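All residue numbers for the first sequence refer to full-length UniProt numbering, where the first residue is 1 and numbers rise by one.
In case anyone wonders, no lab produced these hints; they're calculated from the structure.
Don't take each hint at face value.
[Stated by the list, open to error] With a Cα cut of at most 25 Å, we get these calculated DMTMM-like pairs of lysine to aspartate or glutamate:
hint: 1; residue 1: LYS47; residue 2: GLU213
hint: 2; residue 1: LYS986; residue 2: GLU805
hint: 3; residue 1: LYS2; residue 2: ASP191
hint: 4; residue 1: LYS877; residue 2: GLU858
hint: 5; residue 1: LYS73; residue 2: ASP255
hint: 6; residue 1: LYS274; residue 2: ASP137
hint: 7; residue 1: LYS657; residue 2: GLU622
hint: 8; residue 1: LYS927; residue 2: ASP988
hint: 9; residue 1: LYS47; residue 2: GLU397
hint: 10; residue 1: LYS363; residue 2: ASP137
hint: 11; residue 1: LYS145; residue 2: ASP241
hint: 12; residue 1: LYS502; residue 2: ASP389
hint: 13; residue 1: LYS47; residue 2: ASP5
hint: 14; residue 1: LYS145; residue 2: GLU213
Computed from a predicted structure; not experimentally measured.
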Amino acid sequence: MKKGDHLFLVDGSGFIFRAFHALPPLTRKSDGLPVGAVSGFCNMLWKLLTEARDTSVGVTPTHLAVIFDYSSKTFRKDLYDAYKANRSAPPEELIPQFGLIRQATRAFNLPCIETEGFEADDIIATYARQAEALGADVTIVSSDKDLMQLVTDNVHMYDSMKDKQIGIPDVIEKWGVPPEKMIDLQAMTGDSVDNVPGIPGIGPKTAATLLAEYGDLDTLLERATEIKQEKRRQTIIENADKARLSRELVKLRTDVPLELAVADLILEAQDGPKLIGFLKAMQFTSLTRRVAEACECDAGAIDAVDVPVEWGANAHGPDLDVAEPAPVAGGTPEVVGDAVSVPAKVNGSAAPEGSFTPSDFAKSRADAFASLPFDHSRYVTIRDVATLDKWIADARETGVIGFDTETTSLDAMQAELVGFSMAIADNAKSPTGVNIRAVYVPLGHKTGVGDLLGGGMAENQIAMRDALPRLKALLEDQSVLKVAQNLKYDYLLMKRYGVETKNFDDTMLISYVLDAGTGAHGMDPLSEKFLNHKPIAYKDVAGSGKSNISFDLVDIDRATHYAAEDADVTLRLWMVLKPRLAAEKLTTVYERLERPLLPVLAHMEERGITVDRQILSRLSGELAQGAARLEDEIYQLAGERFNIGSPKQLGDILFGKMGLAGGSKTKTGQWSTSASVLEDLAAAGLELPRKIVDWRQLTKLKSTYTDALPGYVHPQTKRVHTSYSLASTTTGRLSSSEPNLQNIPVRTAEGRKIRTAFISTPGHKLISADYSQIELRVLAHVAEIPQLTQAFADGIDIHAMTASEMFGVPVEGMPSEVRRRAKAINFGIIYGISAFGLANQLSIERSEAGDYIKRYFERFPGIRDYMDSTKQQARDKGYVETIFGRRINYPEIRSSNPSVRAFNERAAINAPIQGSAADVIRRAMIKMEPALAEAGLSERVRMLLQVHDELIFEVEDEDVDKAMPIIVSVMENATMPALEMRVPLKVDARAATNWDEAH
DNA sequence: GTCCGACCGTA
DNA sequence: TTACGGTCGGACG
């Protein structure tokens with residue numbers, strides 16, 4: 001090494017943390033391995049190596065080394081036991097990345113330096129002084145103030161994030177003292193992050209003033225008695241020893257024994273294939289491309305190398321010795337092929353000052369975005385391909401976009417694409433660390449006025465045939481994370497355009513995982529809640545009601561404001577919400593139960609199911625006839641014509657005009673005419689109430705099912721495509737709408753006829769597979785009830801067993817009424833039983849119902865324990881959990897209103913049971929398509945519907961025998977390997993040409 | 001046109 | 001006694 005050489009010393013540990021903070025949190029490889037910091041590190045390093053000449057450094061290095069901390073056990077710990085004592089463990093997802101980053105450094109063909117017992121800063125100091133002595137120039141790539149003491153005329157620092165060189169004047173400007181006095185300054189001010197004590201009450205300003213006056217720390221301490229301010233004089237005298245200790249702690253050593261001599265840190269040429277092999281293994285597609293271009297390699301010809309990953313305590317990064325393993329909540333750790341993660345409790349303890357925890361990060365994000373204004377004037381409309389390409393390139397560069405589509409319909413199966421918007425977050429120098437910009441790309445807007453053909457295309461739009469391939473490439477690019485709100489809609493829409501979106505997040509689903517039970521998860525409420533911003537309402541753009549226009553007729557400028565804002569809001573919500581998943585230990589729920597279900601449901605919706613319109617039409621006629629006959633008879637009995645469908649009019653007839661007794665009132669004071677009231681009257685021998693009940697049944701079936709379903713048959717596919725909502729129940733169940741296929745009648749013979757209209761296509765069968773008693777099995781599992789567990793293990797009738805336990809009646813020859821009561825009690829337990837509710841259900845006295853409950857708890861004390869502890873948890877923490885760690889919040893559980901409180905308690909008891917069952921079938925659904933594919937049955941066995949504990953498939957005739965055992969096995973083993981239940985799950989499956997016979 | 005309550009279909 | 005969505009009537013504007 002000689003004069004004219006230039007040594008770059010990269011502060012690797014500092015780089016890691018900067019990369020981690022600067023990038024979107026939780027960037028992961030497709031197998032779940034977090035690689036965000038690795039990605040940031042590689043990008044920064046590549047930039048440094050290729051662009052050093054163009055940056056403010058202005059030179060190209062001849063020598064370069066990347067320096068890391070070895071561990072936190074250094075000589076400083078011997079000097080001062082509390083050194084860095086209040087630093088917390090690094091974020092969980094950073095742990096496996098420490099090792100990867102060292103491997104990355106070697107892949108870049110760079111020396112990777114660390115020495116036991118010393119910090120990176122000491123190694124840097126030693127090399128810097130050695131190089132300086134040999135006449136070389138030094139650039140320390142870091143912005144850490146601890147390194148500023150090293151700055152001289154020949155040694156500079158370089159802040160790569162801000163592209164700013166730091167020399168002697170910069171240190172003076174920032175700290176008020178020249179670099180050589182930085183040690184004394186830091187000794188006085190201390191450092192809360194590293195737990196360097198310093199002198200209490202002395203900050204950088206005071207320290208600089210004192211140093212200017214007294215020259216250095218020793219002189220100051222000698223002449224401390226001269227200080228005029230009494231308080232300051234006293235603390236300095238009292239803390240003189242602390243200051244001297246602190247000086248030893250902050251002073252960097254320049255005598256670290258080094259394996260590699262400074263002259264050997266020669267910057268070698270890049271080994272292109274070696275680097276590309278590593279980058280490919282990390283799935284950094286855009287950097288791979290840039291590196292391949294730069295070294296003229298064919299990236300396609302190079303295989304990804306095997307990269308060993310150290311996941312847990314074996315990975316050594318700074319301060320791992322203080323890392324505690326995360327506590328396990330319930331169940332065993334989730335292990336599905338790759339990563340190990342653990343559903344765990346929130347770490348409620350306050351983070352020490354200056355440390356960086358996932359919670360701190362989430363909180364800082366929340367604070368930053370709560371008041372970041374929206375500037376609509378910055379939204380841009382893209383009207384040419386070149387600009388679109390530029391934005392897509394930027395998206396690849398930043399790796400994450402907010403995304404939204406604009407269409408002609410709320411129904412994703414019918415909607416046509418009108419345009420799309422995207423938002424990009426640049427890591428700009430804004431207070432939030434990000435700068436978000438957004439665009440709208442109109443594709444199918446029409447002119448409102450219209451020519452003879454009824455409205456032509458608006459001008460200056462990119463042609464669909466040009467835009468679609470680009471959009472497809474972007475949405476299918478694994479290296480770009482697409483963030484959307486309610487992505488299932490956009491996913492399904494785009495799938496119909498031949499695009500299968502990959503690598504995505506859904507802010508609605510993240511909110512649902514984090515805050516189920518605390519409100520809606522739509523974009524507008526989330527925006528108001530987290531961004532303090534009310535987005536432009538759809539109806540303000542497209543109108544509402546009769547004056548509503550289709551989005552393709554909306555003026556493009558107005559559309560840009562609306563659409564770009566949606567992408568902007570979505571990306572901001574992601575910035576706020578995504579870090580909370582890690583902070584609140586809900587990443588596993590989101591990644592295993594929520595996000596992967598989205599494409600599964602989209603595929604089910606896209607497939608739809610055939611309904612036979614002729615059957616429905618025939619049924620409709622029969623129902624109309626039956627209802628008409630009953631109407632005549634009802635008018636006869638009532639002595640007048642009235643609207644039977646009006647509970648108000650009916651109540652007046654029954655309890656007013658006819659003066660019947662036994663009526664009850666609804667909460668609004670109206671006479672109740674519910675089925676149970678009418679049944680009671682019918683049981684007393686009255687004809688009219690019976691006929692009304694029958695009439696209601698027929699008209700219900702007709703209006704809700706036989707008349708409504710044909711309207712949902714898709715004009716092209718000729719099938720019915722329901723829409724599943726992933727985020728509208730509190731417990732984790734799905735809901736189905738337009739049409740709701742989760743409430744197709746089954747209990748009565750009349751109702752079941754509707755199921756015969758749900759048919760398989762010719763050459764196929766429908767298979768219905770349903771869990772037997774899944775909620776009671778979950779209850780037996782969570783409450784650990786020996787009798788229930790045994791009964792399920794033995795496969796005996798659970799309600800009969802309950803009755804036998806409670807009433808001492810043998811199962812053999814048990815009267816059906818006894819079993820019926822036990823069954824009602826079992827359901828009552830699941831629903832968070834009350835004597836009032838059970839009495840209502842069984843039409844018995846409340847005291848008798850109370851006796852039943854008492855007896856039940858005597859026979860099954862574990863159930864009462866479970867119910868009590870669940871209520872207690874809900875009260876203490878405000879939420880309860882399912883067996884897979886899904887959290888359901890009950891913010892009103894401590895209401896002062898007793899009926900509100902009681903309601904919340906019952907719901908809190910029910911939620912873990914209903915929600916765990918929902919988690920189980922979700923897992924089955926997620927595993928189903930891969931399991932069928934493995935058996936060679938892809939698209940030959942197609943999952944169509946889910947009805948809470950039942951899955952319906954459409955299967956080619958010859959595959960039925962092969963498919964059935966696979967379906968049953970996936971469902972029965974759905975909890976494995978994450979969790980083995982104490983009771984077996986049982987699934988019944990049947991095949992037939994219609995849903996009624998298959999069920 | 002829009003909202004809400006009553007009612008009833010499912011698990 | 002839990003969790004949903006759809007239809008209707010009726011009141012509001």
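Each hint tested on the structure:
1. At roughly 43 Å between alpha-carbon atoms, LYS47 and GLU213 are farther apart than 25 Å, so this suggested pair is violated.
2. At roughly 23 Å between alpha-carbon atoms, LYS986 and GLU805 fall within 25 Å of each other, so this suggested pair holds.
3. Between LYS2 and ASP191 the alpha-carbon distance is near 37 Å, which puts this suggested pair outside the 25 Å criterion.
4. With a CA separation close to 28 Å, the supplied pair LYS877 and GLU858 exceeds the 25 Å bound.
5. Between the alpha carbons of LYS73 and ASP255 the distance comes to roughly 18 Å, so the proposed pair stays at or under 25 Å and holds.
6. Of the pairs offered as hints, the one joining LYS274 and ASP137 is violated, with about 30 Å between alpha carbons and a cut-off of 25 Å exceeded.
7. In summary, the hint linking LYS657 to GLU622 is not supported, as the alpha carbons are separated by about 32 Å, beyond the 25 Å threshold.
8. Proposed proximity of LYS927 and ASP988 is supported: the alpha carbons are some 18 Å apart, at most 25 Å.
9. Simply put, LYS47 and GLU397 have alpha-carbon atoms about 13 Å apart, close enough for the 25 Å limit, and the pair holds.
10. For the given pair, LYS363 sits about 42 Å from ASP137 by alpha-carbon distance, which is inconsistent with the 25 Å threshold.
11. For a cut-off of 25 Å, the pair hint linking LYS145 to ASP241 stands: about 23 Å separates their Cα positions.
12. Proposed proximity of LYS502 and ASP389 is supported: the alpha carbons are some 19 Å apart, at most 25 Å.
13. At most 25 Å may separate the alpha-carbon atoms for a hinted pair to count; LYS47 and ASP5 meet this at roughly 20 Å.
14. Annotation: proposed proximity of LYS145 to GLU213 holds, straight-line Cα distance about 22 Å (limit 25 Å).
Hint compliance for this structure: hints 1, 3, 4, 6, 7 and 10 are broken, all remaining hints hold.
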